[in-house]
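In order, the protein sequences belong to chains A and B. Going by this note's numbering, the letters in the first sequence line up with residues 10 to 319, in that order. Going by this note's numbering, the letters in the second sequence line up with residues 6 to 497, in that order.
Think of the hints as simulated: they come from the structure by calculation, not from any bench. Note that the Cβ used here is the ideal one computed from N, Cα and C, for glycine as well. Any given hint could be a false lead.
Partner residues are not named here, just some residues of chain B that face chain A (Cβ under 10 Å, in silico) [unchecked claim]: (1) His-258; (2) Glu-264; (3) Arg-273; (4) Asp-274; (5) Asn-323.
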Amino acid sequence: MLLSRVADALYWMSRYLERAEHTARLISVRLDLGLDRRPNSDEWDFADLYAALKTPYPADAPQHPAALVDRWMFDALNRDSILACLIGARENARQVREEISADMWEQVNALFLRLKGMDRSAGRHHVPRLVIEGVHLFEGITDATMAHGEGWQYLQVGRFLERAAATAALLDLYFRDVLLPSNHVEWVGLLRSCSALEAYCRCYTADLRPERIAEFLLLNPEFPRSVRFAADRVDSALRAIAQFTGRRFAGRAERLAGRLHASLDYSQVDEILEEDPHAYLEGIRRSCSQIHTAAYQTYIMYPIETALPA
Amino acid sequence: MPPAAPSAWSASPFGALFSAYELTGPYDEMFEQSGRPRAHCRALFDDLQAASQNELTVRQTEADRAFLTQGITFTVYGDDQGTERIFPFDLVPRIITAGEWRSLERGLTQRLTAINLFLKDVYHDGRIFSEGIVPRELVYSCRHFRREMRGVQVHRDIYVSVAGTDLVRLEDGRFVVLEDNLRVPSGVSYMLANREVTKHILPGLFDRYRVSPIAHYGRALLATLRALAPPHAADPTFVVLTPGVGNSAYFEHAFLAREMGVALVEGRDLLVHDNFVYMRTTGGLRRVDVIYRRVDDDFLDPLAFRADSHLGVAGLLNAYRAGNVSLANAIGTGLADDKALYAYIPAIIRFYLGEEPILDNVDTYLLANPSDRRYVLEHLDALVVKAVGESGGYGMLIGPHSTARERDEFRAKIAADPRNFIAQPTLSLSQAPCFVDQRIEPRHVDLRPYVLFGESVTIVPGGLTRVALKKGSLVVNSSQGGGSKDTWVLED
Numbered sequence: 010m011l012l013s014r015v016a017d018a019l020y021w022m023s024r025y026l027e028r029a030e031h032t033a034r035l036i037s038v039r040l041d042l043g044l045d046r047r048p049n050s051d052e053w054d055f056a057d058l059y060a061a062l063k064t065p066y067p068a069d070a071p072q073h074p075a076a077l078v079d080r081w082m083f084d085a086l087n088r089d090s091i092l093a094c095l096i097g098a099r100e101n102a103r104q105v106r107e108e109i110s111a112d113m114w115e116q117v118n119a120l121f122l123r124l125k126g127m128d129r130s131a132g133r134h135h136v137p138r139l140v141i142e143g144v145h146l147f148e149g150i151t152d153a154t155m156a157h158g159e160g161w162q163y164l165q166v167g168r169f170l171e172r173a174a175a176t177a178a179l180l181d182l183y184f185r186d187v188l189l190p191s192n193h194v195e196w197v198g199l200l201r202s203c204s205a206l207e208a209y210c211r212c213y214t215a216d217l218r219p220e221r222i223a224e225f226l227l228l229n230p231e232f233p234r235s236v237r238f239a240a241d242r243v244d245s246a247l248r249a250i251a252q253f254t255g256r257r258f259a260g261r262a263e264r265l266a267g268r269l270h271a272s273l274d275y276s277q278v279d280e281i282l283e284e285d286p287h288a289y290l291e292g293i294r295r296s297c298s299q300i301h302t303a304a305y306q307t308y309i310m311y312p313i314e315t316a317l318p319a
Numbered sequence: 006m007p008p009a010a011p012s013a014w015s016a017s018p019f020g021a022l023f024s025a026y027e028l029t030g031p032y033d034e035m036f037e038q039s040g041r042p043r044a045h046c047r048a049l050f051d052d053l054q055a056a057s058q059n060e061l062t063v064r065q066t067e068a069d070r071a072f073l074t075q076g077i078t079f080t081v082y083g084d085d086q087g088t089e090r091i092f093p094f095d096l097v098p099r100i101i102t103a104g105e106w107r108s109l110e111r112g113l114t115q116r117l118t119a120i121n122l123f124l125k126d127v128y129h130d131g132r133i134f135s136e137g138i139v140p141r142e143l144v145y146s147c148r149h150f151r152r153e154m155r156g157v158q159v160h161r162d163i164y165v166s167v168a169g170t171d172l173v174r175l176e177d178g179r180f181v182v183l184e185d186n187l188r189v190p191s192g193v194s195y196m197l198a199n200r201e202v203t204k205h206i207l208p209g210l211f212d213r214y215r216v217s218p219i220a221h222y223g224r225a226l227l228a229t230l231r232a233l234a235p236p237h238a239a240d241p242t243f244v245v246l247t248p249g250v251g252n253s254a255y256f257e258h259a260f261l262a263r264e265m266g267v268a269l270v271e272g273r274d275l276l277v278h279d280n281f282v283y284m285r286t287t288g289g290l291r292r293v294d295v296i297y298r299r300v301d302d303d304f305l306d307p308l309a310f311r312a313d314s315h316l317g318v319a320g321l322l323n324a325y326r327a328g329n330v331s332l333a334n335a336i337g338t339g340l341a342d343d344k345a346l347y348a349y350i351p352a353i354i355r356f357y358l359g360e361e362p363i364l365d366n367v368d369t370y371l372l373a374n375p376s377d378r379r380y381v382l383e384h385l386d387a388l389v390v391k392a393v394g395e396s397g398g399y400g401m402l403i404g405p406h407s408t409a410r411e412r413d414e415f416r417a418k419i420a421a422d423p424r425n426f427i428a429q430p431t432l433s434l435s436q437a438p439c440f441v442d443q444r445i446e447p448r449h450v451d452l453r454p455y456v457l458f459g460e461s462v463t464i465v466p467g468g469l470t471r472v473a474l475k476k477g478s479l480v481v482n483s484s485q486g487g488g489s490k491d492t493w494v495l496e497d
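Only chain A is shown next, with the shape it has when bound in the complex:
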């Protein structure tokens, strides 16, 4: 038995944390590899990073790493910033403190307090690292201390739906143009943005080929940040929720999630790349948002008239 409001808060807490981690990793990788540095100049151009984060590139975009970190780490007014994500996660966690374990709450709270109270002038490379580690720790604590019941399944839906959509968006940036980047460093950047460099090398050797990278990040069934893996998790979490809530027939949310999962199971990377990778990846993002809406209509925002006892 789970309150609809609680399910909602669990879902968003998890999504916000996943988003914070993803953003932190993107920033960390691009600064690390100097991917956005302009050739022959001290200037930086963060247009690609903004595109990867699916955010419009503003007129007053930051020109230097320090300004970028300020805007994307610490600026609570930028609603996509990491601090804003952590505030969102924490506010949702506060709503469901009785539902999550005390250790989970303490971790989310401690991470927020650390970022908020951080000395912003002291280096910047360790900040994304701290967020990534903090979120990993939270996930570990969650798996170890919270019953894997219905509430936990909403955490899975939130995390993996966010991940599927974010990975698809990132791939879209690299594969939408006919002219794929030829720069080796760019491909390393993509893999590292998904924590996938080592896993990829173990699978395909260090020979970086775009179609193999696409295959790995889209269709690999075992790598936890691939779109297929995420879709699998969303699918099984939604089926578990249907069972917990005693629904006998596959509802819209489960059907949509099952379809996305199945389509990734049977896709061929050469066909995707030959046809229209952009349309394909956009389709994945659209599916994610349809699954979100369907789950909301079934479990959270359902009309009361349909639920009253006869």
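Position chain B relative to chain A; hints supplied.
For chain B alone, coordinates are given in the frame of chain A:
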């Protein structure tokens, strides 16, 4: 002046930590008048004396951090997000002996038993009025009297199931009742959190005392709520109703829901259909049988009480009157903690139980009563005058600190509406050692034990000791510089 140290038991001097400790006037929780530590405080005293200033500071910092990361905070209203404060915590525990506790326990049980009988009587037969013990108009004019409750059958006649009675200790060491909090008393989560933190920062000391455990409060509360479940509910569903995350006691609501393993709901999660209450879950609507509500009467049901309330549930009163849902506490219990009614509690105990009160009241003069009024007006400079409907230190005249003009103003107010005022002698609250400004100083304290009234009465051995952290201050409210400390009830 540091307490003089008899050579028989201790080395002199006491050490820098106690250099500002004064033993003048009020009862001291740790020291006898002579300066010798009370027998049960000896180990604590030795521990403090052996500790360096630095060590205590480290422990204090550790404690503060524990409160902050656990989010044991209260919200500061009207401020930006992220402005939660911790309720200041003092690390020196306050110790109560087994004997003292037994008499408190008996006294509180007696008092609450009588109060529940009184509430039943007031909302049904009114015997106490016809017998002339309590004036009818006094009860009917209480702000928290609820006409809607007349004739309503309250399951098992338990009106107050959770009370937080404020006690103070006078110069002679006697505990007396200052206030009965019978509506939605708060603070119990601080009692529990203080204990957890103290165990963590003073482990050695903890081993040397046999402190009664309090961690079972959540289970005891659940058992109390179970006793209230309506008979139709074979496997009752319990919830804690909170005004929401913006409420200053939200932490406590969530804490108690988790301790009991029940859902924490807001008004918007509930609805009433055919006089039954349901909550909105992911699996559809589910019937709710017992509500531990932390929302005031006024806001419970916009159809019955304040129409502008978004915190409650439309139709809840009717579901309650139909007996389909139980509330803890019942609606309308607040009349019994009205400050004017307070003066009648000893008479109420005698009337219903035929016993003498075990716990005394503070002497209280009712200004509606002509002979009391005459006395009070003659002694305004020595008394504290309080408006009965106010709390938190508002509408008060503190005689010894007042000017002639203030006293004249109060004379006029009293003449205009005597029912609205009571007067009490200026109390000298007991003091306890606290770690303030890098040393140990005495501060005034009170004690709020939590009484649970279900199938039987349960009082978890302990309570919230609130501390007036400002030097000399008698105000222990958190909004006015108050803090708290762990309260140890010793086992025999």
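Here is what the structure says about each hint:
1. His-258: holds, 8 Å
2. Glu-264: Holds, because the Cβ-Cβ distance from Glu-264 of chain B to chain A comes to roughly 8 Å (cut-off 10 Å).
3. Arg-273: Status holds, d = 7 Å.
4. Asp-274: Nearest chain A Cβ about 5 Å off; hint holds.
5. Asn-323: violated, 17 Å
When the structure is compared with the earlier hints, a violation turns up for hint 5 alone.
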